[in-house]
Amino acid sequence: MRRPAGMKPSCAALSGRARLGWGLWAALAGLLVFMAVPTGAQDDGYVVIVHPGVPVDHVTKGELGRLFQRRTTRWSDGSTVIPVEEAGPVRARFYHETMRMSVAEVGNYWVRQAMTTAVQPPRLLGSADLVIAYVAANPGAVAFVESSAHLGTRVKHVSVE
Amino acid sequence: MAPDGVVPMGWCGGSRLEGEEEVTTQRGAGRLSLALLTATCLGSAVPALADDADSVEHRLGLLTDEVAGLKTSLEAQPTLNGYYDFEYLTDNAPGDKSTFRQHHLTIFVGAHRGPWRFLSEVEFEDGVTLEGDGTDVEGKGAVNAENAWLERIFSDAFTVRTGKFLLPHYWNVNHYPNIVLSTNRPLMVRQVFPTDAVGLMAFGNRYRGRLGATWHAYVGNGESRTGTDDNENKAAGAHLSVHLGELFAPFVRMDVGAAVHSERTGTGAARDAVDVWGVDAQFNSHVVEVLFEYARRTADQAREGLYVQPSVEVSDTVRLFYRYDWLDTGPLSQTRHTVGVNVQPRPDVALKLEVNTNRYDSPGDEDHEQVAASVALFF
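These protein sequences, in sequence, are chains A and B.
Note that our numbering has the first sequence beginning at 1, numbered continuously upward.
Note that our numbering has the second sequence beginning at 162, numbered continuously upward.
Some but not every residue of chain B turned toward chain A, in silico, with C-beta under 8 Å: (1) 240; (2) 242; (3) 269; (4) 271; (5) 278; (6) 317; (7) 334; (8) 335; (9) 337; (10) 340; (11) 368; (12) 407; (13) 508; (14) 539.
Calculated pairs, SDA-like style, for lysine to any residue (alpha carbon to alpha carbon, straight line, at most 20 Å): (15) 61(A) x 413(B); (16) 232(B) x 125(A); (17) 232(B) x 119(A); (18) 232(B) x 80(A); (19) 325(B) x 112(A); (20) 156(A) x 77(A); (21) 325(B) x 284(B); (22) 232(B) x 136(A); (23) 61(A) x 368(B); (24) 232(B) x 120(A); (25) 61(A) x 371(B); (26) 258(B) x 526(B); (27) 61(A) x 317(B); (28) 232(B) x 133(A).
If you want the ones that stay clear, here's a sample from chain A, every Cβ over 12 Å from chain B, calculated: (29) 55; (30) 58; (31) 93; (32) 127; (33) 147; (34) 149; (35) 158.
These are computed hints drawn from the structure, not numbers from a lab.
We treat Cβ as the ideally placed atom computed from N, Cα and C, and that holds for glycine.
Chain B extracted, bound-state conformation (with noise of 0.2 Å):
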């Protein structure tokens, strides 16, 4: 019998061993056995498990092949975006009539390749109609080319883009109803700055620690064209803002810029001048947010006008906002107070309500309130 706490060994192992000689002589055939078989298995397996790794890495190369080709198919595809926005507009000025008001219907299609970006934003605006035999046509509403541009990227520094593109002032750019926490725009916008230009623009960024600052300067046919230009005199402009935000930690956003624009409009001798000039300021601290511009047009189409917009964040989906607004184009004299709350559940689908109070200092306006109520989806 084995002692106690010996443990029979090799392929015998049922049976039980006498004597301690006998163990150590049974437990080295034993060992051998085992050798002899492991080199056996181990000397057909090696070849065939050759092969396996062999075909396994073959077909990685040809799936890592298939993944970066669908990568770069994907990656050559359009862009597809849009937005959708739906209005309830109801005030008690004399004569005016509450409305359900289907604003934008709006499609961006960009594409990227290397260098080179497009992005075109068609907008289907008040529901459009268009019926007509091609020599007849009536509709209602309106389609817009606003954005329709090519660029070229050099460096973050340094990118120029041509074609119909957004004048580089705060609310004008960022105006899409999903972005902005009011239905109604400010008064001053469009109506001091120009809206848009058909021509060239260069723009970039620059960084020096936590200083940065962002530039553009464009010129382009200016205010008066119908479809192409309708004189040889070009606007001009450009707008600087410099980026304090890193600098001020509580601050996500600390921007302060200023912006100019030049340009003669019409023709022959009733062509007017047209010189405008502005500061703007954006300050966000999460919680706390203010907007605020100022623009002041000078030479033969004086007017001016500014906004301040604080809101505060209520909760991760509200905001509660007030906004201050006046123009003065001459003729018109306005002032405007609003405030709302915009509630965004995610981030592409924003809910606003807003109230204003509007008092006229020309002849002919006549005070009201508004109430306004929006939906807007982007997609």
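With the rest of the complex left out, here is chain A (with noise of 0.2 Å):
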């Protein structure tokens, strides 16, 4: 409602203001303390596996979003990476949290290595039981799957920093 010109502001639209004020100030914290809470601390929705031969137990996002693009290819001991994906959402969240990129923009980039480098995308396989398997089977395979699938104790857990 519009106020006559003179009147001071009720006591109402003071409590409003004084709430609109007090709410910043909690978005304000609430955002410093989002930002604050490790990254590490999230389920990302996915589970970072390798070959049990494979000498790594932890890898940071950015290493796993240049063995995922191929731009990595070797491990430390000089054996070769096989990334191997598992089909399904877990893609889109696999690349957004390691390599900044969407599915699309991901298909962007292999279009271009195929052009000019002659790499090819990593093998793509239909479930996580499947890519267990592989990873299990072929020495130096290294993948990402569901965060709810059962690994067992064929492949090995790589945490991810």
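Two chains, two frames, a set of hints: combine them into the complex.
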């Protein structure tokens, strides 16, 4: 409602402004708390597995991005990196977290690689069980699967920093 | 009668029992019968189950070997890719005609054998036709082996490539219509740095934490060649790019690079010194991307040029872009402003539309505007 000229703001209006001010402070504090939470504490919806012979126990997201873009092609012991991907929504989450790219952008990346380097994209398998079986059977393999997948004992779980 | 709640057991479960003691006796007899029957059944079933398990395990082993063999043979197959693009160009320069252009039909064949990798790119340009009897051949268009190289990968930090390869400058390497946003290439590309070389190139990348770098160094025949080199002087050059993208979170890519190239073209007293240097940068934060290259050729063939191309993502499939071009070759000085839209309904299809204005400081060249549209398919 329009207030007549010269009339002081009502208590209700003052209270509303105060609430707005406190709300802004609370939002700012919440943002700071959110930024302070370590990223490793959240569940990204995927887990990273490798063949038991791969000499790695933890990787950074940047390193994972390079492994799955095939820019890093050798493990520290000189063996060949064989990246494998699980089809489905987990791919979008993994790309976003490790490469900060969408599925379409990664598709563009592989078009570019096919034209300029002859490097082909990682093998894409249809289920977590297939991915786990493939990783278990292939030395040097690395993959991501849904975090709900049953990993068993034939593959090694790698922590992501 | 059995008390309420007592369920008759055993193989005579259909009869009802009289009294608690009889029930117990009958239960014991029933259990014994069941145990004997189970033992008999298991006695005959266990060897059969074991046989089945052996058979399944054997078949699984055969299938595993077959899958491994198929995988090996599939991975040994050469890869076949390519692209096709079609353009429409029209401008208001005096004497120019609007035209359709079937620009490229290009086939890539690649192969990977352990640490060895091969790529060839054969380009059929402008609907090429060649006809003749071997001694008198006529044709239109062009056939060009743009890339034909073999490389040996020693590590991520060190690979050696031999053959004909594109020189490692951003647009030059990524000039393919499915990769770049515009139909026209920047004015400076192919005018300041040479395009390709026949020779040797070593390259690699290295990351320390979140900081990375990619290096290239090459030696080759240079620009003045007709199949083989026409002089003893060899072209040499290098490019170094630093990757800062992982240090600055909003950026998918933040690369800054510098390049040099030197050669002597021609033969005898007519040889020209060609020394080129340049810098480049590529920033990409999903929504906004900026590409920049500057190069300057000194010595006997002075010329320089640059482009800056910012673009913005409007949706998952649409990007708007603007590009400022400048090229000065001495006799020719040209600036160009381009605005356009690039639509990629899928990563392997690109639809492009752009308008550009061209301004000349050199006499004899008419300012003009152009509209260019194209479609490209990667396969």
